[in-house]
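If you're matching them up, the sequences are chains G and L in order. When you line the first sequence up against the UniProt record's numbering, it's residues 1 to 456, in that order. When you line the second sequence up against the UniProt record's numbering, it's residues 1 to 456, in that order.
Just to be clear, a hint being listed does not mean it is correct.
Which copy is meant is left open, so a pair is good if it fits within one copy or across any two.
Below, a list of computed lysine-lysine pairs in the BS3-like style, where the Cα atoms sit at most 25 Å apart [stated by the list, open to error]:
(1) 218 - 154
(2) 56 - 442
(3) 100 - 154
(4) 154 - 216
(5) 299 - 216
(6) 442 - 62
(7) 154 - 214
Think of the hints as simulated: they come from the structure by calculation, not from any bench.
Number of protein chains: 2
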Amino acid sequence: MEQRIIKRLENIVGSTNIIFKPEERICYSYDGTIQRGTPDVVVFPDGTGEVSEIIKLANLEKIPVFPRGAGTGLSGGSIPQHGGIALVLTRMNRIKEISKEDLLAVVEPGVITGNLHQEVERLGLFYPPDPASLKTCTMGGNIAENAGGPRAFKYGVTRDYVLGLEVVTPTGDIMQTGGRTVKNVTGYDLTRLLTGSEGTLGVVTQIIVRLIPKPKDKKTALVIFDDLDKAASTVNAIISEGVIPATLEIMDRITIECVEKTAHLGLPIDAEAVLLIEVDGSLAKVSEDIQIIEDICTKNSCRAMEVASLLADRERLWKARRAVSSAIVQLKPTKISEDATVPRSKIPEMIRRLREISEKYNLFLPVFGHAGDGNLHPNIIADKNDKDEMERAEKAVGEIFKAALDLGGTLSGEHGIGVMKKNYLEGEMGAIGLNYLRAIKKAVDPQNILNPGKIF
Amino acid sequence: MEQRIIKRLENIVGSTNIIFKPEERICYSYDGTIQRGTPDVVVFPDGTGEVSEIIKLANLEKIPVFPRGAGTGLSGGSIPQHGGIALVLTRMNRIKEISKEDLLAVVEPGVITGNLHQEVERLGLFYPPDPASLKTCTMGGNIAENAGGPRAFKYGVTRDYVLGLEVVTPTGDIMQTGGRTVKNVTGYDLTRLLTGSEGTLGVVTQIIVRLIPKPKDKKTALVIFDDLDKAASTVNAIISEGVIPATLEIMDRITIECVEKTAHLGLPIDAEAVLLIEVDGSLAKVSEDIQIIEDICTKNSCRAMEVASLLADRERLWKARRAVSSAIVQLKPTKISEDATVPRSKIPEMIRRLREISEKYNLFLPVFGHAGDGNLHPNIIADKNDKDEMERAEKAVGEIFKAALDLGGTLSGEHGIGVMKKNYLEGEMGAIGLNYLRAIKKAVDPQNILNPGKIF
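Just chain G, same shape as in the assembly:
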């Protein structure tokens, strides 16, 4: 990158908030995927005005800009393509307001999601979205990818909590979308259009999120099944009874085996499925719900069931689920984490298809995820240095997407398209849908400055 441009960027953000040495820039070349791309320069703006100036400069000089939070994304959404400017928003990490009366918080994009959880829960409030990376990921990234998490089944995803945004447009202008009210039908719903747009339609510089009262009580159940269909029927029966657990997680046999081998939690490695069910709400509601769940699990011939009320006991039950990500990479270092999502009724069929794919390509493919909303996480565990295995993995990914679409599902439930899935997008959206997306992108970013090479 030309020195005069670096100089101008330095004038905007200050000399301590810019990086251009190669050994430093490389730290901003990755995310949670196997994708890599090193930016020409990394800037750390503080404030909407600085972001606006950077984007205006980028438009003038026709340099691509890649917005970035903590780099925990799972679709390559923040990875620079062909150099450009990495726009790191982690300095903008203030929680500006938490209103108990209006049940909302105003935050900057660099706020870590888990920190927001803590701050609002201290006041008896609750921000439900809980992506697995919540201890490091940022709210800006959550908006960009429309992050989900286990609690999404009951509470919905990030999109369902965004009330308003401050956005720097792809041409560097500043606009406000939505506001401080839950109901707002003034103009197109830019708030939701921006949410999940993966940094291609604007840079979010301030976020108003809706909060809810913190549930008063919680109970957790770990239920073991010898039959995958029985586990799936249990999920449907619970929902049919009108019980909506906060989380309804499933782990398949391969995952159970893997977790048990590394974490030694006493899980039966011959079980076909484990459900981890957590209910929350008022004391009366939680007691009522867990009783209904126990009855349904028994009726559906579960092998065993443990219910916990106290925090320490609940944490113990959660250990199995929390151990999954680290357990499955013990075997091989490269994890290709997918989030193909199917209608709830198709979960058993999807798991069966995933097993066939795993056998066909001789790949290690544990399946776990959010059974309540059909959002499974098939993970291919491989070694990126094994060329043959990686080729088989690539073919398997294609078949996973095909299976999800065949069953009326979607490529991505909560990770986004990024660079990892863009070749498959037309398979889901069709050429007309893709053209519609492209037309919107071109209309608001005519020079293709903001996060080019993503989604399409």
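Place chain L on chain G using the hints.
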């Protein structure tokens, strides 16, 4: 309109599904507002293919198309401008699927919202959005305007229940958005962009909506207050306690007086506010919630409170709220129904400002609406033949919008912008926001064929 174009439209929809006589066309010139605009021709397509052909023809001949359901809209969203084609979707009124397992329904746009309620409730399921016009309004119109209703406080608006759409684009192509899963982050969120776009970005020809299990129990409370602030504090205290009623309606003194004078329900005409609170859920939860609500109302010095469990008793309490719309037009025939929405904490201040506006312009202005989400309905009751009064009303509307924006609110909570509020849009969105909207519209509808003259 040229005869050859009418002939071609007739070929598409059949001779019994087209209207071109002036006395018949006039039936499609209105909605729920005081706006009027007669189309040159009215067509009643059946099927996505026919809609697509009509839009393609309209593009070829550069004729504007105005999609329309039952015409119950409150912002002029479906009113034709300068003639054109009225595209009436009421023949496409099939409920194509209700899935208990996947908790969804697939419907055509002409399905009446209340009919969908009945059909899904028969199966123990629930579709929450409940606009006041639910007995006549159609699902397509609900999507176009992102309709709300009293239950939106607990359950959210139409947008929160739309999973996927089949859409004929402004150029006549057919595309699918979203799908059958709750989680879906594949590409931009076109489903939500289309929802609330007031028929300007596409014609919805099929809708997949999310359903939830039907709540098992309900209780209703009618609470009378001598003090507006006490009523507002009660609303906040209920929510702070973690109780989220299904509906939390407020009526001001003027509204109470008006209802009592016409419906004689025994309401105290000197009360400052009435709250109508309904809780739903499981038996245990409903009992627990209503007890908390009773305690809070007592603590906040309500004058009187009546709680009902049985359907007949609950219906009696609802009578006051349901009587509002017909009661307020007894005095004068023209109702200008607004839906300016403020953050919940600003409700008392907004009601005070509305009273000042009413006095300043010497207008009859009852206020009622959804207190839970700050979505008030200030209604100006006037006579459209009284020129002076209508001029004062117009000025008052401007001041209502200004007050809502001053208090951090929005022009429209659930009615949409249509033609009624478009001159005020820039005041809320700013020039940058408005340009962003316009860029999207122009990108997908370059010839401005679909519902021109709406929103901006």
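Hint by hint, here is what the structure shows:
no. : hint      : result
1   : 218 - 154 : both (13 Å within a copy, 21 Å between copies)
2   : 56 - 442  : both (17 Å within a copy, 23 Å between copies)
3   : 100 - 154 : both (22 Å within a copy, 17 Å between copies)
4   : 154 - 216 : both (15 Å within a copy, 18 Å between copies)
5   : 299 - 216 : between (29 Å within a copy, 22 Å between copies)
6   : 442 - 62  : both (15 Å within a copy, 24 Å between copies)
7   : 154 - 214 : both (14 Å within a copy, 15 Å between copies)
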